[in-house]
Amino acid sequence: MNHVFAVLFAFGFGNLAMLGWLAAASAPLLIHLWNRRKYQETEWAAIEFLLAAARRNARRLQLRQWVLLAVRTAIVVLVVTALAEPFFDQLGMRFMPGGRTHKLLVVDGSYSMDYRPTDRSRFEQAKQLAVQIVEASGPSDAFTLVMMGSPAQVIVGTPALETGSFVKEIESLRLTHAAADLSSTLALVRKMVERVTAKHRRLEHHEVYFLTDLGRNTWAPATQDDPAGVELQRQIDQLSAQARLIVFDLGQPEPENLAVVHLKRNEPFTIAGHQATFDVNLRNFGTRPRLRQVVQWAVDDRPVGETLVDLPPGGEASVSFGHRFETPGQHVVSVQLSPDLLEVDNRRWLSVPVKSQLRTLCVGSQPQATKYLDLALNPTGSRQSPVHNQTVPESALSELDLGQFDSVFLANVGQFTKTEARLLVRYLRQGGGLVFFLGDQVIPSRYNALLASERRPGERVLPARLGPIVQEAQYRFDALDYRHPLVRVFRGQEQAGLLTTPVYRYFQLTIPAAWPEAQVALAFADGRPAIVEESLHGGRTVLVATAASLASVDPVTGNPWTTMPAWPSFVPIVQELLALAVGNQIEQSNGLVGQTLSAPVPAAQRGAALNLRSPDGQDHPVTVLTDSDPPRWTFAKTVESGLYQLGLRSSAESASATISYAVNVATVESDLAKVDSQHLPEDLLVETEWRGLNADPVGQISRRAGVHRMLLYGALGLLLLETCLAWRLGRSLA
Amino acid sequence: MAQKTTYFDPETLAKIQGLSLRAQHIVEGYISGVHRSPFHGYSIEFAEHREYAPGDDLRYVDWKVFGKTDKYYVKQYEEETNLIAYLLLDTSESMAYRGPQASLSKLEYAKCLAASLAYLILQQQDSAGLATFAGQIHSLVRPSGNPSHLKQLLHVLEQATGAGKTATGPIFHDLAERLNKRGMVIVFSDLFDRPESLLAGLKHLRHRRHEVMVFQLLDPAELEFPFRQMTRFKGLEQLDDVLTDPQALREAYLNELQAFLKRVKVGCREQRVDYTLVRTDQPIDMVLTSVLAPRMSQAKL
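Protein sequence lines correspond, in order, to chains A and B.
Taking the numbering used here, the leading residue of the first sequence gets 1, the next gets one more, and so forth.
Taking the numbering used here, the leading residue of the second sequence gets 1, the next gets one more, and so forth.
Think of the hints as simulated: they come from the structure by calculation, not from any bench.
Heads up, a few of these hints could be off.
As the list claims (entries may be wrong) - To give an idea of the chain B side of the interface with chain A (calculated C-beta under 8 Å), a few residues:
hint, residue
1, Y60
2, D62
3, W63
4, V65
5, F66
6, G67
7, T69
8, D70
9, Y72
10, G145
11, F192
12, R232
13, L236
14, L249
15, M286
Unchecked claim - Derived list of chain B stretches under chain A, where covered just means 3 residues or more per stretch with a C-beta under 8 Å from a C-beta of chain A:
hint, stretch
16, 220-231
17, 271-279
Since we're looking at a predicted model, the values are computed, not measured.
We put the beta carbon where it would ideally sit given N, CA and C, even for glycine.
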């Protein structure tokens with residue numbers, strides 16, 4: 001008996017009013033009766049034969065009429081029922097004794113879901129829809145919840161039977177400003193389905209609901225035939241073998257959106273009192289031109305300028321502005337566009353470290369080794385120069401706190417002790433920049449053993465290993481198409497003499513395959529590397545294959561290794577080396593949503609609990625890696641864009657202060673165009689028409705799942721059967 | 001040829017008022033078509049010579065005249081009538097049926113056919129009699145060879161109306177007893193009766209050494225059953241009505257009818273009864289030809 005009720009209540013209709021048309025099912029009967037009443041009359045002489053035929057076939061005639069009547073009535077019933085959008089609650093699975101369903105809800109948490117076409121954002125609509133799915137489900141169903149982001153995040157991993165708490169979890173979901181990673185989401189979902197299958201055997205069926213805007217940047221790969229698309233389609237195939245996949249499309253056609261896609265500082269470092277310039281790129285992702293859009297920029301939250309820009313459909317515009325920071329320290333530059341329906345990407349921040357002076361250290365085997373470097377770093381020799389250089393002999397290296405220098409140049413240092421090597425690694429971990437020039441004093445085996453060991457990557461300092469000295473005179477550099485930022489400034493500046501810099505001796509540098517990050521910035525004409533650089537341990541290290549002075553000479557001929565220090569290209573090269581070495585500093589204080597923030601713990605804060613305040617005002621304890629030298633703090637949950645502020649403990653001299661870290665959105669989600677759901681794999685059942693119907697999305701799914709289609713196919717089959725029956729039975733009476 | 005065909009077309013005949021005119025129309029048309037009477041019989045007294053025509057019996061070629069004139073002549077004799085034809089016309093209610101495609105009812109068609117044969121027979125100085133019947137014999141005209149006898153025959157034919165229930169078996173038995181002189185019995189009927197009874201009656205006639213010729217007349221609608229709409233078929237001859245979907249019953253009906261026709265045909269053949277199924281939309285000359293042509297090749301009807 002219970003089963004009977006279960007069946008009755010498991011069945012429902014999306015459009016109940018249509019059932020009124022079931023009255024039309026009586027039409028065949030009425031037509032039949034009407035035909036019996038409406039007939040022609042004729043006299044008939046051969047009535048005996050007609051009577052005999054009627055007598056012999058009375059039963060078959062009657063049966064035929066009943067069958068045809070039943071078939072015709074069934075056709076009407078099936079068509080009307082199909083139009084009434086029928087569905088089986090639990091997708092018909094209640095009909096199976098003990099059949100229970102695990103429903104895994106995947107809510108798209110990428111920032112494109114913050115698009116607000118009405119008073120509610122897509123994300124709010126997704127949450128409401130998720131709640132509706134839960135509430136429309138059966139009491140024996142269980143639910144899990146995943147947030148699709150970068151990476152995907154499990155919110156409820158253990159199947160929840162109690163819907164109240166599960167709904168609260170849905171309602172407490174907060175949108176991230178990350179992009180969606182479909183591949184990792186599918187992998188995670190598959191893992192969860194497998195785990196639930198293994199641990200909860202009574203949950204026999206699985207349904208995965210994707211509540212997403214079907215953003216082209218996320219879903220388009222699944223429609224393409226490239227390797228990434230094939231891999232996604234394979235993932236979907238595998239998942240569909242285990243679960244039904246239903247996609248609720250929350251996107252809108254032709255959405256409009258403007259975004260600030262780039263904000264960058266043009267100089268490698270910023271000095272207080274000197275003008276700094278910034279470039280901003282804006283983009284119109286919509287289909288309508290956007291004219292006279294207001295762009296404002298601010299420094300430390302104080303507006304300092306604005307302009308108007310016109311943005312053509314799908315086009316970009318650039319804005320440049322300058323600002324002179326009067327005080328050193330960490331400053332924040334931000335740019336904001338006029339509000340639109342998606343505001344997350346209308347603002348961008350840049351945390352700018354401003355120095356009173358850039359401090360460099362030159363370490364040389366002898367004073368001659370660093371003489372030209374000192375000149376090149378501070379050509380004017382002025383104390384007001386942006387760069388203040390200190391020169392020390394190599395013996396003083398271990399006595400200095402390298403952390404006070406923005407960059408350290410090491411010239412023709414013969415060898416390093418283990419202590420010195422550790423210091424250099426520590427310096428890199430603090431975000432420092434090291435530049436090595438070689439020379440006649442250098443012992444390559446010591447360099448390789450202590451600074452370029454392939455077996456101890458954590459102690460590595462150099463971006464390449466030193467090989468034998470090459471004595472073939474080289475009179476040309478190969479700028480490698482000026483691709484590297486280090487030499488980009490020389491493009492079109494042949495008179496600077498970069499390419500014709502004479503080099504007579506140099507170390508042959510080799511980059512092991514295990515160091516893929518190392519890049520050749522400049523090469524000799526024979527293809528061997530001349531300058532190799534690498535971001536390492538959070539800092540940057542640069543290795544120049546030859547000497548920085550004329551003091552390194554060939555012991556046989558007495559000729560210098562190179563006359564580069566006297567060449568016009570030397571000063572710009574050293575300046576660019578400095579820019580490259582300190583360039584990492586700004587990267588340390590800026591990042592994208594989803595990336596881990598990490599920095600050395602300031603010396604004054606060691607031992608104290610550090611808190612990071614996220615843009616929503618919440619304080620988060622940060623993880624401090626004490627086994628690192630120096631200790632570093634890290635914070636991985638950068639789910640929102642904005643400023644993250646590291647609180648600094650107040651000292652006797654100063655009140656508490658903060659260091660700002662800017663986290664911006666990766667603008668890939670700013671393109672709100674949708675993928676064409678027709679091109680998605682067939683295993684994904686895409687539901688696009690759910691909005692017009694307030695209740696019971698599960699019913700909608702079932703309808704879309706083909707219940708109505710099956711009924712229509714049934715009606716079509718009966719139509720054919722009716723024709724066949726009418727013909728065959730008519731003949732069979734013979 | 002087209003003009004000839006119209007002579008016998010039931011549609012054309014339907015436009016001609018009066019059975020006498022219809023019969024004359026048919027016979028004159030027919031004779032002018034074949035140029036030769038099928039009713040030449042044996043004769044004793046020579047009458048005249050006639051030029052030979054293809055199809056003439058070579059036995060009557062006068063070889064003496066051929067020897068003299070090198071031309072073929074056949075001898076014609078004064079006929080001595082030895083044929084008595086009894087025309088039996090079914091006038092039951094079922095014979096009055098005329099379907100939607102037919103121009104004449106079965107009875108009207110049968111009257112034309114009977115009148116035509118009577119005309120032909122009397123023209124050949126043979127004797128013709130007539131009986132009309134349904135459940136009983138309505139009228140009986142004794143055979144006579146007098147040309148004025150045709151008028152009486154036509155009058156009786158014209159007076160006949162379709163009414164009553166058929167009872168062919170008893171009627172044939174009755175007539176077999178009444179028709180004393182041996183002759184040819186020509187039946188015009190749809191034969192809608194029990195086959196056993198019908199065939200028993202015919203058998204009786206054959207037993208009395210009559211030559212029997214049966215024209216079974218059926219309306220095209222009866223043979224094809226072309227109805228499509230729901231129809232109430234009102235039974236004639238006091239039979240029940242049938243309300244049915246004609247399309248559903250068509251094949252079953254046709255099977256029943258064919259079984260009946262086959263049984264009648266086989267029964268006639270077994271009793272050496274000359275049987276002809278006539279559709280009332282068929283030109284009458286075709287019917288006459290199909291019946292009389294074999295007889296024309298014989299010497300005698």
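How the hints compare with the structure:
1. At a threshold of 8 Å, the smallest CB-CB gap from Y60 of chain B to chain A is about 47 Å, leaving the interface hint violated.
2. For D62 of chain B, the shortest C-beta to C-beta distance to chain A is roughly 54 Å, which exceeds 8 Å, and the interface hint is violated.
3. A cut of 8 Å between beta carbons decides the hint on W63 of chain B: the least distance to chain A is about 57 Å, and the hint is violated.
4. Checking V65 of chain B against chain A by beta carbon gives a least distance of about 57 Å; that is not within 8 Å, so the hint is violated.
5. Violation of the interface hint for F66 of chain B is found here, the shortest Cβ-Cβ separation to chain A being roughly 57 Å, above the 8 Å cut-off.
6. Annotation: G67 of chain B was flagged as interfacial toward chain A, and the flag is violated, the nearest CB pair being 62 Å apart, outside 8 Å.
7. Below 8 Å, beta-carbon pairs count as interface contacts, and T69 of chain B has none with chain A, the closest being about 60 Å; its hint is therefore violated.
8. With a cut of 8 Å, the hint placing D70 of chain B at the interface with chain A is violated, because the nearest CB-to-CB distance is about 61 Å.
9. Below 8 Å, beta-carbon pairs count as interface contacts, and Y72 of chain B has none with chain A, the closest being about 52 Å; its hint is therefore violated.
10. For G145 of chain B, the suggested interface contact is broken, since its CB lies about 35 Å from the closest CB of chain A, more than 8 Å.
11. With its C-beta approaching chain A no nearer than about 6 Å, F192 of chain B sits inside the 8 Å limit, and its interface hint holds.
12. Evaluation of the R232 of chain B hint against chain A yields a held restraint, the C-beta minimum of about 5 Å falling below 8 Å.
13. Proximity of L236 of chain B to chain A holds as hinted, the smallest CB-CB distance being about 5 Å (cut-off 8 Å).
14. Evaluation of the L249 of chain B hint against chain A yields a held restraint, the C-beta minimum of about 5 Å falling below 8 Å.
15. Because the beta carbon of M286 of chain B sits about 23 Å from the nearest beta carbon in chain A, more than 8 Å, this interface hint is broken.
16. With 5 residues having a Cβ less than 8 Å from any Cβ of chain A, the stretch 220-231 of chain B passes the three-residue criterion, so the hint holds.
17. Remark: the stretch 271-279 of chain B is not confirmed as covered by chain A, as 0 of its residues place a Cβ nearer than 8 Å to a Cβ of that chain, below the required three.
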